[in-house]
Structures are given as C-alpha cells and as structure tokens.
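Asks: Take a look at the letters that make up each chain.
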Amino acid sequence: MELAFIIEKFILITVIFSVSLGVAAYSTLAERKIAGYLQDRVGPSRAGWGGMFQPLADGLKMFFKEEIIPAESSKALFILGPSLALLTACIGSAVIPWGQDVLIADRLVSLQVTDINVGILYIFGVVSLGVYGIMIGGWASNNKFSLMGAVRAASQSISYEIPMGLSIIALLLATNTLSMKEIAEQQHGANWNILYQPLGFLIFLVCSFAETNRTPFDLPECETELVGGYHTEYSGFKMGAFMFAEYLNMFLASAVMSTLYFGGYNYPGMDWVNEMTGPTIGPLIGMGVLFLKIFVFIFFFMWVRWTVPRFRYDQLMNLGWKILIPLAIANIVITGVVITFVDKL
Amino acid sequence: MSISLFYFVAFLSIFFALLVIFAKNPVHSVLYLIVTFFTFTIHYILLNAQFLAIVNFIVYMGAIMVLFLFVLMLLNLNESQGTSKSAIVKMIGVIAGMCLVITLVGSLKALHVSDPLVLQTQDLGLVKNLGKVLFSKFLLPFEVSSLLLLSAMVGAVLLAKKDIKQA
Numbered sequence: 001m002e003l004a005f006i007i008e009k010f011i012l013i014t015v016i017f018s019v020s021l022g023v024a025a026y027s028t029l030a031e032r033k034i035a036g037y038l039q040d041r042v043g044p045s046r047a048g049w050g051g052m053f054q055p056l057a058d059g060l061k062m063f064f065k066e067e068i069i070p071a072e073s074s075k076a077l078f079i080l081g082p083s084l085a086l087l088t089a090c091i092g093s094a095v096i097p098w099g100q101d102v103l104i105a106d107r108l109v110s111l112q113v114t115d116i117n118v119g120i121l122y123i124f125g126v127v128s129l130g131v132y133g134i135m136i137g138g139w140a141s142n143n144k145f146s147l148m149g150a151v152r153a154a155s156q157s158i159s160y161e162i163p164m165g166l167s168i169i170a171l172l173l174a175t176n177t178l179s180m181k182e183i184a185e186q187q188h189g190a191n192w193n194i195l196y197q198p199l200g201f202l203i204f205l206v207c208s209f210a211e212t213n214r215t216p217f218d219l220p221e222c223e224t225e226l227v228g229g230y231h232t233e234y235s236g237f238k239m240g241a242f243m244f245a246e247y248l249n250m251f252l253a254s255a256v257m258s259t260l261y262f263g264g265y266n267y268p269g270m271d272w273v274n275e276m277t278g279p280t281i282g283p284l285i286g287m288g289v290l291f292l293k294i295f296v297f298i299f300f301f302m303w304v305r306w307t308v309p310r311f312r313y314d315q316l317m318n319l320g321w322k323i324l325i326p327l328a329i330a331n332i333v334i335t336g337v338v339i340t341f342v343d344k345l
Numbered sequence: 001m002s003i004s005l006f007y008f009v010a011f012l013s014i015f016f017a018l019l020v021i022f023a024k025n026p027v028h029s030v031l032y033l034i035v036t037f038f039t040f041t042i043h044y045i046l047l048n049a050q051f052l053a054i055v056n057f058i059v060y061m062g063a064i065m066v067l068f069l070f071v072l073m074l075l076n077l078n079e080s081q082g083t084s085k086s087a088i089v090k091m092i093g094v095i096a097g098m099c100l101v102i103t104l105v106g107s108l109k110a111l112h113v114s115d116p117l118v119l120q121t122q123d124l125g126l127v128k129n130l131g132k133v134l135f136s137k138f139l140l141p142f143e144v145s146s147l148l149l150l151s152a153m154v155g156a157v158l159l160a161k162k163d164i165k166q167a
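Residue numbers (the working numbering), protein chains in the order written: chain A, 1 to 345; chain B, 1 to 167.
Chain A with its partners taken away, still in its complex shape:
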C-alpha cells in the first residue's frame, strides 16, 4: 500500500513536471507567434511545420553556446542564481488540484500532489522566494546594471506581494478555507469565485504580472535603461534558465488564477458529462478544461506584453502602494460587511 502510494505520487509528479516544462517550452514559440500576429508578421516558421520545432532548436542553441562566467563575479552564487530561479518556478505546482479523483485500474487516484491545509500560503511563499534567484544572480554578476535590475526586482516583488496577499485574504473570507482542493470543490459547476470577488481578481491579476516580471512590469530587465537588467552577464544555458523560469512562473500564475477564481477543473454541466463518460474519462475532461483556462491566461499575458508599454519606475511604485493596496483593503472591508449581512439574513 505504502509503496503503491509512493509510485503513484512519483508518476504524478513526473507527469506534472514534464507537462509544465513542455508548456513553458512551447510558450516561447507561442509568444513569438503571437507577437508576429500582433505586429502583422509571420513569426518563426522555418523549423518544422509552422515552426513546430523552434523550441527544440532554441534549446539546442542554448546548450551549445559558450558559458561565460565573469572574472570578478562570485562563481558559486553566479551559478546558484539561475538554478534557484528554476527551482522555485518548478515547486509551486505541487498544491494545485489538476482534476477530480480519477479511477485508474480500480484505484482512486488524486490528481493533486499534496493537499496541505495551507495550500494558498504555500504558493504565496514560493512566489516570495522566487525573487532570490534574480537577486542573487544580479548581485553575483558584479555589474552595476545587473545590480540595479536585482534591486528593482526585490523592491517590486515586495511591493506587489502586499496587495496580492490582501486580495487573497478577501478570497479566504468568501471561501473559509486555505486548502486549494476545497476551494476548487466549492466552485462546482459554474459557481466560480470570480462572481463573488471581481475586484479581488483584478488586483490579483495585476500583481501576478508584477510577480512574474512580465511587461508592463518587466523593469528588472528593462533593456532601454539597464542593458539587460539582472541577466546582463549571463549567457548560454544559465540565461536560458532565467528565461525558462519566467515562462514556468507564467504557467504557474495562470494555473493559480484559474483555480482560485475561475473554477479550476469545474465547468457548467460537468455532472452530466461525468455521468455519461464514467469515473475515468470524466475527470480527465475536467483536467482538459483547466488546461484550456490556463492557455487562455497565458495568451492574455502575451497579449498584454505586446500591447501595453512598460511602466516608469515611479509609476510602478505609485500603482502598487497608492492604488492597489487601498483598493485591496476596501475589497476586504466590503467582503466582510457583505458576508456579515448575508449571514444575518
């Protein structure tokens, strides 16, 4: 029994790992294709049919490029930076419920690696840890532009964690649980949290953009001011690790937003579909729906990147501290008052 449990979890982790790496790899292609579409170009189209093998070609290129470590840098930390960025991007997906329990070979398999009862806080912790990779890498490069990028990343991450946490508090008031699994179960059918927390979702969305360092909040790598930001000195696969971590974070942020606010694996009419298709296929369809939602969010991330220009640094701080935090606090108060009155009735 114990061994079967370990094997089951091991397979699940391997599958989630390879799927998220695959999604991240093809996000790089999707980004360039969408950029091409938005700018009336074709985008990469030479490697394979419609550029299908472009991520593989890019990966090979990254591997074969020369790895340069600056002479005046601290070498251990220079390598630790991108490794840490990649690690923190990978471990967040452990608490996301990818679907309802699936019946495989007379065994009810949970499609969630672990259901700790502080699931949301775990994701929050992993997100707050993500900035260390950028900070350590930027500092170890011993380059003033890298250092500026690292310092910007730190202040931006701390500033936007506060409204993010506050918007989650309002969500917790509405759902009464910290467990991702229970939050997903509560949104059965079309009873999604976005209906109860529209403002909270908006704040969470903006903060996700800031935490994943995506445009319009990509000031840590602002090339017009800082050459290349925190990864100015990086080349080859270490540079690729930073880039890959960004796409992995985007995938994780999309999965978290889909689960917290857009019902996760739930969709209208899911009971009927589950009855028709049985306990094996039904939950897998739910998982497909979750991935569809994730892809829509990833598209949204890219759409915004090629539409909205980058913020100036003071605008970024003003938005975070003077607009988002008061809005998030107001959201908590409104949610609390409404819940009190609804309970009274």
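One or more of the hints may lead you astray.
[To be verified] Here are the simulated DSS-like cross-link-like pairs (lysine-lysine), alpha carbons at most 30 Å apart as the crow flies:
hint : chain 1 : residue 1 : chain 2 : residue 2
1    : A       : K144      : A       : K65
2    : B       : K24       : A       : K75
3    : B       : K161      : A       : K322
These are computed hints drawn from the structure, not numbers from a lab.
Given the coordinates of chain A, work out where chain B should sit on it, guided by the hints.
Replies: For chain B alone, coordinates are given in the frame of chain A:
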C-alpha cells in the same frame, strides 16, 4: 527516526547560524541566515505546526530577508571596509564575549531537564485550531500586539515623511 531527523536538522541550524557569523562578506552572511530560517521552517513542520511553518517561510524568508539583502546590495560593502577595527573595539568584544560565555555556563549549571511536554491534540498547530485559540483565549494579547505593529508602522511613515517646514 523522528529524533534522529530532529538532531540532523538542529545540527544544520546551528551550522548555518555559525556560518552567518563567520562569513566575511555581509551578503553571504545574509544568505546563510536565509538557510538558517529555512531549517527553522523544517523544525515547525516536524512539530506539525504547518501554519507557523509557512508564515515563518513567507514573513522571514520571503519578506524580511529580501529587505536585508536589498539594503546590503544597495550599500555594497566591500570586505576591506568591514574588518578594520581599532584595538579598543577588539578588547571590548573579547570582554563582552567572555561575559556571555560565563552567563551561558552558569545557566547550564543551573539547568534541570523538565518533563517532556505532551500535546493534548496533535492538530494544535493547524490553522483552524490556531485561529480559534488566538481569537478566544489569547484575544487581548493578540489585539495588543497588533496595536504595537500599527504604532510601529505609523512611526515608520512619520520618519520617512519629508519635513514640511524645510520644503
């Protein structure tokens, strides 16, 4: 199993805490301190206090240490700047260290091992029970400490505010 795991993690805590002191470079010091806090998180998880573990993780590792690192990176201290101390400072350091050692040895002599504390409920550290206890049994200390944090925040804002008369 559990006891040996505890001793291993405790060893790691002390080891990295010592590295914090012995590291020459202040940024390395802070990084070792982060690892030390991470071992504390493991201790909390071993005690089945998941909420405390994750809060320690978010607040200390994720927020406070980022600020420490931020400030140190901005100052960008060199190794040569930190080590030049006068003889008087070194003497004072030795005396203070000796006083600490004497106090520690004295307290170790007076130490007697208390009975092992047995938890009535294993789930005491889970977030639901912790919240219930905080808002019923320990309501007054909880509210007072929140007032303390609020006053600290007001003080920080006051210090950071530009002087209106000078402007």
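Asks: Compare the structure with each hint and give your call.
Replies: Going down the list of hints, with the structure as the test:
no.: 1; hint: A:K144 <-> A:K65; in the structure: 24 Å, holds
no.: 2; hint: B:K24 <-> A:K75; in the structure: 16 Å, holds
no.: 3; hint: B:K161 <-> A:K322; in the structure: 15 Å, holds
When the structure is compared with the earlier hints, no violation turns up for any of them.
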